[in-house]
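Protein chains: 2
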Amino acid sequence: MGDISATPPLTRTSVQEAHERIKQYIHLTPVLTSTTLSGFASEPQSQDVLKGTEWEGQQPARPKIRFFFKCENYQKIGAFKARGAFHALSRLTEEELSKGVVTHSSGNHAQALALAARTRGVKAYIVMPTISTPSKISGTKGYGAEVIFSGSTSQEREAVTNDVIARTGAIMVPPYDHPNIMLGQGTMALELESQVDDLIHKEPQLSVTGRSKDKNLDAVITPCGGGGMLSGVATALSGTGTLVFGAEPRFEGGNDAERGLAQGERITSVKTLTIADGLRTPVGKIPWTIISDNNKVRGVYSVTEEQIKAAMKLVMERMKVFIEPSAAVAIAVCLYNEDFRKLVEEEAGPEGWNIGVVFSGGNTTLEAISKLFAVPDKVAERAVGVLGRDGKRIAENVPG
Amino acid sequence: MGDISATPPLTRTSVQEAHERIKQYIHLTPVLTSTTLSGFASEPQSQDVLKGTEWEGQQPARPKIRFFFKCENYQKIGAFKARGAFHALSRLTEEELSKGVVTHSSGNHAQALALAARTRGVKAYIVMPTISTPSKISGTKGYGAEVIFSGSTSQEREAVTNDVIARTGAIMVPPYDHPNIMLGQGTMALELESQVDDLIHKEPQLSVTGRSKDKNLDAVITPCGGGGMLSGVATALSGTGTLVFGAEPRFEGGNDAERGLAQGERITSVKTLTIADGLRTPVGKIPWTIISDNNKVRGVYSVTEEQIKAAMKLVMERMKVFIEPSAAVAIAVCLYNEDFRKLVEEEAGPEGWNIGVVFSGGNTTLEAISKLFAVPDKVAERAVGVLGRDGKRIAENVPG
Numbered sequence: 001m002g003d004i005s006a007t008p009p010l011t012r013t014s015v016q017e018a019h020e021r022i023k024q025y026i027h028l029t030p031v032l033t034s035t036t037l038s039g040f041a042s043e044p045q046s047q048d049v050l051k052g053t054e055w056e057g058q059q060p061a062r063p064k065i066r067f068f069f070k071c072e073n074y075q076k077i078g079a080f081k082a083r084g085a086f087h088a089l090s091r092l093t094e095e096e097l098s099k100g101v102v103t104h105s106s107g108n109h110a111q112a113l114a115l116a117a118r119t120r121g122v123k124a125y126i127v128m129p130t131i132s133t134p135s136k137i138s139g140t141k142g143y144g145a146e147v148i149f150s151g152s153t154s155q156e157r158e159a160v161t162n163d164v165i166a167r168t169g170a171i172m173v174p175p176y177d178h179p180n181i182m183l184g185q186g187t188m189a190l191e192l193e194s195q196v197d198d199l200i201h202k203e204p205q206l207s208v209t210g211r212s213k214d215k216n217l218d219a220v221i222t223p224c225g226g227g228g229m230l231s232g233v234a235t236a237l238s239g240t241g242t243l244v245f246g247a248e249p250r251f252e253g254g255n256d257a258e259r260g261l262a263q264g265e266r267i268t269s270v271k272t273l274t275i276a277d278g279l280r281t282p283v284g285k286i287p288w289t290i291i292s293d294n295n296k297v298r299g300v301y302s303v304t305e306e307q308i309k310a311a312m313k314l315v316m317e318r319m320k321v322f323i324e325p326s327a328a329v330a331i332a333v334c335l336y337n338e339d340f341r342k343l344v345e346e347e348a349g350p351e352g353w354n355i356g357v358v359f360s361g362g363n364t365t366l367e368a369i370s371k372l373f374a375v376p377d378k379v380a381e382r383a384v385g386v387l388g389r390d391g392k393r394i395a396e397n398v399p400g
Numbered sequence: 001m002g003d004i005s006a007t008p009p010l011t012r013t014s015v016q017e018a019h020e021r022i023k024q025y026i027h028l029t030p031v032l033t034s035t036t037l038s039g040f041a042s043e044p045q046s047q048d049v050l051k052g053t054e055w056e057g058q059q060p061a062r063p064k065i066r067f068f069f070k071c072e073n074y075q076k077i078g079a080f081k082a083r084g085a086f087h088a089l090s091r092l093t094e095e096e097l098s099k100g101v102v103t104h105s106s107g108n109h110a111q112a113l114a115l116a117a118r119t120r121g122v123k124a125y126i127v128m129p130t131i132s133t134p135s136k137i138s139g140t141k142g143y144g145a146e147v148i149f150s151g152s153t154s155q156e157r158e159a160v161t162n163d164v165i166a167r168t169g170a171i172m173v174p175p176y177d178h179p180n181i182m183l184g185q186g187t188m189a190l191e192l193e194s195q196v197d198d199l200i201h202k203e204p205q206l207s208v209t210g211r212s213k214d215k216n217l218d219a220v221i222t223p224c225g226g227g228g229m230l231s232g233v234a235t236a237l238s239g240t241g242t243l244v245f246g247a248e249p250r251f252e253g254g255n256d257a258e259r260g261l262a263q264g265e266r267i268t269s270v271k272t273l274t275i276a277d278g279l280r281t282p283v284g285k286i287p288w289t290i291i292s293d294n295n296k297v298r299g300v301y302s303v304t305e306e307q308i309k310a311a312m313k314l315v316m317e318r319m320k321v322f323i324e325p326s327a328a329v330a331i332a333v334c335l336y337n338e339d340f341r342k343l344v345e346e347e348a349g350p351e352g353w354n355i356g357v358v359f360s361g362g363n364t365t366l367e368a369i370s371k372l373f374a375v376p377d378k379v380a381e382r383a384v385g386v387l388g389r390d391g392k393r394i395a396e397n398v399p400g
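So the sequences go chain by chain: S and H. Using my numbering, the final residue of the first sequence is 400, and nothing's skipped along the way. Using my numbering, the final residue of the second sequence is 400, and nothing's skipped along the way.
What the hints contain is simulated information worked out from the structure, not anything from laboratory work. Warning: the hint list may mix true and false statements.
To be verified - In the DSS-like style, the derived pairs of lysine-lysine whose C-alpha atoms are separated by at most 30 Å in a straight line are:
| # | chain 1 | residue 1 | chain 2 | residue 2 |
| --- | --- | --- | --- | --- |
| 1 | S | K371 | H | K136 |
| 2 | S | K136 | H | K136 |
| 3 | H | K64 | S | K136 |
Fair warning: this is a prediction, and the values are worked out from it, not measured in the lab.
Take these sequences, add in the hints, and give me the full structure.
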């Protein structure tokens, strides 16, 4: 994808330029609030729920949290990936584009690149494992892309991709490990900033009563898989005073960024079957340069599968917003991770924080949800219970 | 609930008055559009899908439909029922309210009345069958209502309700068969009218290119159970030129309004276990006076369980909007009922219609959805297939 050294620097200004380039092609996705979920997040978890965790016996945190949800599930192709793909193509010359673009992906990036290519009138080759679900294959073909099948190991996918490049001269557009993808994905942070300002201007009670702040958005937390979104958002907000956090699934070591930060070195290989299937990849090399910079990303926190399911259930049933499991990971950290919650309590104090939470996508099916929720999961039930199965809290079962 | 003869007349003006009385208490719910779903509705069904139906062998209809979805799933308590409850209470005197209010319901009306009563500082007694799901019981208690249990037959419920009235002097607030409930529920139509005007003013391409219409909303279709919403909406739109239609589940005779219209007489008893559980009741006596008036309700159409599921799947997966099965019935008629589709084709002609479709509520759980979608349903799969499992149509898998 061109020469990486020729890409714009990883700065807020570059994200602003990226936004100018793509805003005509993408949706300005809505920012939603929820009194109910902000209320849940602002109540301490019960001691019972913390039993058996590393926080057993500790005093539960009492953070004060007001949520502002950036709904990238309403983005084109149903996920934030459209931002990176449109930006990457906007940075290629007509000559580079003339041979087409190629990537290997079975997920949202495949459809994002296919859509961006079709919009630019460019050929897209998508390498997908033969075992991909038929709906994803037909979805990608539906955007006019040529789907080329490969085996499912990364070696097999890369071999087929290299074949395509050799045969067609197409330019590789990777899903996250590239500055132009990161800068494109970071554009959501600029929208979130000004949307939160607008919302609080219209409804001052959404923020802290009686205090005018020069910065309405205290923090943003995004899911972290390959790290393109997290590093892009951190780049966009660098120097603004808004803190940036990442959120990961803990299952089978899916929290590679969190573990990498702890050991001071990027973890390059992960093998997890977490339900947050968009977050199974390890953080890429270039995103890591941002994520490992403590001035840009303040920390990465992880949650269990049960906590992801409990958060997904709350968002769907209470907010009536349809999200995929990966999109529930950031709110799950705010609701259930005591380390994060203690940090908010200590740093925000009684005034609390306005936290921007990214709902990264909504591409799942009712059949997939059925598999997740068919057998009532005791831990998920318990986690939800903590957050309001008793009369008092259910009382706030009011959308919006 | 007071003297029915003293309630306002069933006119558009009364609905406007009702709106003034309740608008401070309810949400102005959003109206959403979807290029994808309007596109699906504007393509003919395949001959294959019509096999085995009463339309087998007929030429599939080719209506042109632009959807405007009134999202009452984002209403307080998650359903339109809040409108009727708030309006009913606004029409009672302080003296009448002093003894409290009572109803029997295990569904959305229970929570709506409980919320409205709490807001007015009034005691609410809710009679629920002992077999009600624990979450509904705790939800209703959560709004501060006193829950009183009864057997599950209508005789048992009414006996217990009469006991409560005798004991406390509470006023009965029925779920649909009362003018004040109908007028309150009809208020959504006034909002829908002006929201569609605003949307088309901002984005003229949402309507018919090159033609300015004095009436942007050609038709509205709402689900029909007890008929409070359908009759209220028809009352609100009476004389405006906007046509009003009803939608019902066909399963086990759940289409009592459609059948009643055919036989020229209201059907007073229905026993169906349709998945559209909000629509299992027969149309009430007072709603029937409106619904059976051909100048007010143009027709009622029904759909199968599989079609309800297919519509629900499209709304959730494509629009990312979380709805309960009852809320999918009106869009299902637009997508799958050939009689309705032929009517639109014939009356609207090539310009098509802007159709307001009510998403009536979003109160379901992921566990309930799991039961519905756990075993892939061949008919639902086929119905969805018609509407876009081939590459070309999946291509439009773009929210918004």
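A quick look at each hint next to the structure:
no., hint, verdict
1, S:K371 <-> H:K136, "holds (24 Å)"
2, S:K136 <-> H:K136, "violated (37 Å)"
3, H:K64 <-> S:K136, "holds (28 Å)"
Of the hints listed earlier, the one the structure fails to meet is number 2.
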